[in-house]
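*Asks:* Take the given structure of chain A and dock chain B to it, following the hints.
2 protein chains.
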Amino acid sequence: MNSPVATRVNHQVRLASRPVGLPTAANWQFTEEPVVEPGAGGVLVQTLALSLDPAMRGWMNEGRSYIPPVGLGEVMRAGGIGRVVASSHPEFAVGDIVSGGPGVQEYWRIEADAMRRGTIARIDLRLGSVPQWLNVLGMPGMTAYFGLMEVGQPQPGQTLVVSGAAGAVGQTVGQLARIKGCRAVGIAGGRAKCDFVQRELGFDACVDYKSPSFKDELKAACPDGVDIYFDNVGGEILDLLLTRINRRARIVICGAISQYNSTEGVQGPKNYLSLLVNRARMEGLVVFDYLDRYPQAVAELATYLKDGRMTSREDVVEGGIALFPQTLNKLFTGENFGKLVLKVAD
Amino acid sequence: MNSPVATRVNHQVRLASRPVGLPTAANWQFTEEPVVEPGAGGVLVQTLALSLDPAMRGWMNEGRSYIPPVGLGEVMRAGGIGRVVASSHPEFAVGDIVSGGPGVQEYWRIEADAMRRGTIARIDLRLGSVPQWLNVLGMPGMTAYFGLMEVGQPQPGQTLVVSGAAGAVGQTVGQLARIKGCRAVGIAGGRAKCDFVQRELGFDACVDYKSPSFKDELKAACPDGVDIYFDNVGGEILDLLLTRINRRARIVICGAISQYNSTEGVQGPKNYLSLLVNRARMEGLVVFDYLDRYPQAVAELATYLKDGRMTSREDVVEGGIALFPQTLNKLFTGENFGKLVLKVAD
Chain A
1 MNSPVATRVN HQVRLASRPV GLPTAANWQF TEEPVVEPGA GGVLVQTLAL
51 SLDPAMRGWM NEGRSYIPPV GLGEVMRAGG IGRVVASSHP EFAVGDIVSG
101 GPGVQEYWRI EADAMRRGTI ARIDLRLGSV PQWLNVLGMP GMTAYFGLME
151 VGQPQPGQTL VVSGAAGAVG QTVGQLARIK GCRAVGIAGG RAKCDFVQRE
201 LGFDACVDYK SPSFKDELKA ACPDGVDIYF DNVGGEILDL LLTRINRRAR
251 IVICGAISQY NSTEGVQGPK NYLSLLVNRA RMEGLVVFDY LDRYPQAVAE
301 LATYLKDGRM TSREDVVEGG IALFPQTLNK LFTGENFGKL VLKVAD
Chain B
1 MNSPVATRVN HQVRLASRPV GLPTAANWQF TEEPVVEPGA GGVLVQTLAL
51 SLDPAMRGWM NEGRSYIPPV GLGEVMRAGG IGRVVASSHP EFAVGDIVSG
101 GPGVQEYWRI EADAMRRGTI ARIDLRLGSV PQWLNVLGMP GMTAYFGLME
151 VGQPQPGQTL VVSGAAGAVG QTVGQLARIK GCRAVGIAGG RAKCDFVQRE
201 LGFDACVDYK SPSFKDELKA ACPDGVDIYF DNVGGEILDL LLTRINRRAR
251 IVICGAISQY NSTEGVQGPK NYLSLLVNRA RMEGLVVFDY LDRYPQAVAE
301 LATYLKDGRM TSREDVVEGG IALFPQTLNK LFTGENFGKL VLKVAD
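Protein sequence lines correspond, in order, to chains A and B.
Take the first sequence: its position 150, counting from 1, is numbered 150 in my numbering, and each next residue is one higher.
Take the second sequence: its position 60, counting from 1, is numbered 60 in my numbering, and each next residue is one higher.
Intra- or inter-copy, both count: the list cannot distinguish identical chains.
Straight-line C-alpha distance at most 25 Å; calculated SDA-like pairs for lysine to any residue:
#1 LYS180 with LEU127
#2 LYS215 with ALA192
#3 LYS270 with SER65
#4 LYS270 with PHE332
Bear in mind the hints are in silico, worked out from the structure with no lab data behind them.
Values in this document were obtained by computation on a predicted structure and should not be read as measured data.
Just chain A, with the same shape it has in the complex:
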């Protein structure tokens, strides 16, 4: 840790080939490089923890999206938290803890010409732990916040349903909806996750999509129908919710994890004409559009964490970037429980 920078080695995970279906070991390449001091005005960040997110699966595909795909042979893109270990940039000092997008590697060198507003941002660990800064106070929390507040537009007394309720985005969506006066109903896989969502996170109800009576249980959990459906999963569950929405309902399209590894193409919501019957709306969201307003959202969410109105759960995997491939896949098999974080260094 305190060895001179020049003697350290940077271990990396690169995208070797584009997956078909669930990523396999063959899609990844492990490389190592000597750590090099950045030039004048640059910063060197040591990765402490990486955020593992469903969106990563999309970044591995070729083709147009909201950001370019990761190129073959490139270090896999990833958000994370790190510690500044070398800096000649006026705004960052050695020891600063920062968030940014280090990628799946142990050291991230940012030269002066790549340093612009937002490349890295100093974070305050008094507001939350490193895992929380990748969860409620990080990209998932921002996605939950702006997706719910801007697209979902919660009104007191309305019913919100969120899928992936035990996951990173879902846990904040439901808790925030309750704070805003809504009934919050989660959908999650398995009894343990549902119990957590209902008891620990305080949702009004949580329904297990693996239950044989899932449909009936969902209906019972939403006696007044559904005003906001925050969709993280797509597929059958989106189609089911389309049959439960109220007039002028808002469906927030945040993700479609059930479809990301499909080799038969995406399943379109065949009940989409419910949008017509119910004068309802389905709208997509990309969190980066709200970059300017992150500080305000972080401040609000940190208050809730502090005063106990909000809690969070992270699934922190120890073992460094060597475990990246198998850890990522936990997202798609539903094995993770809470926001998935890969710890890289202390």
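*Replies:* Chain B alone, transformed into the frame defined by chain A:
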């Protein structure tokens, strides 16, 4: 015409059974009844013309929708224009021309207890002809107006695409979008319809979905992408447009005529995740929600008809209600050319 009411016969078309796929003769029953004078406070309307609309196909199905289905054995629901031939209601006099929902029958008796605001409304034939009152100044025009203005939210310089461009709703959508400063691109079936849309209605372009190079032609017609897609058809065309939309695009879900007679269930838009990538919105509309604002929209559209900024085309079928079944089906085979109207009496 001027025979006493009591000696007249009311010919009717009733729903005999619910269709599977395209309606057939077996789904309809022809009945006749003597015409009966309405009681005190009632009105008797002779049907002059009926509006034939894609939405009728939905009304023939069982199950929850924005209005209840037509019951088996009931006169088929239809909007239309008629002449008051008997009245003891203070607001309506014999000879008044009114719009309302007579159903597929020659005479419509409205008793006092069914007379409420909006059941029938006097219309001014100086603003438009009877067929135009079923088109631009009627339900299709209102659908176009509120769908475009409220859901589509046109901005000058943006590109609008509308499917079913030669149809009742489509023709007004495109012309109105141009008046509001948009580039208007139509989609229609066959060269004749496309020529009409471009030359007579003045759209900037119209693309033939039956052309083997449809995709390329659509792309060429929208060099700056698509900001508003007004969807009347659903299916493959909706999926294609999802690949062409710009950031913050609005997709107005007005109908899905390609799906109404499907016996294999509705095809969901498999490219719906384009809503996420583009932070775009897909939103449904039911025109009845804007009932209070019809007069304002009629006044605006009548101005455009009068000053020549807008034109309209109706496909008026003569021959009375006996021709209702085969005429309705023209909507689903694409044989109609312009707003489909069934003339019932002079």
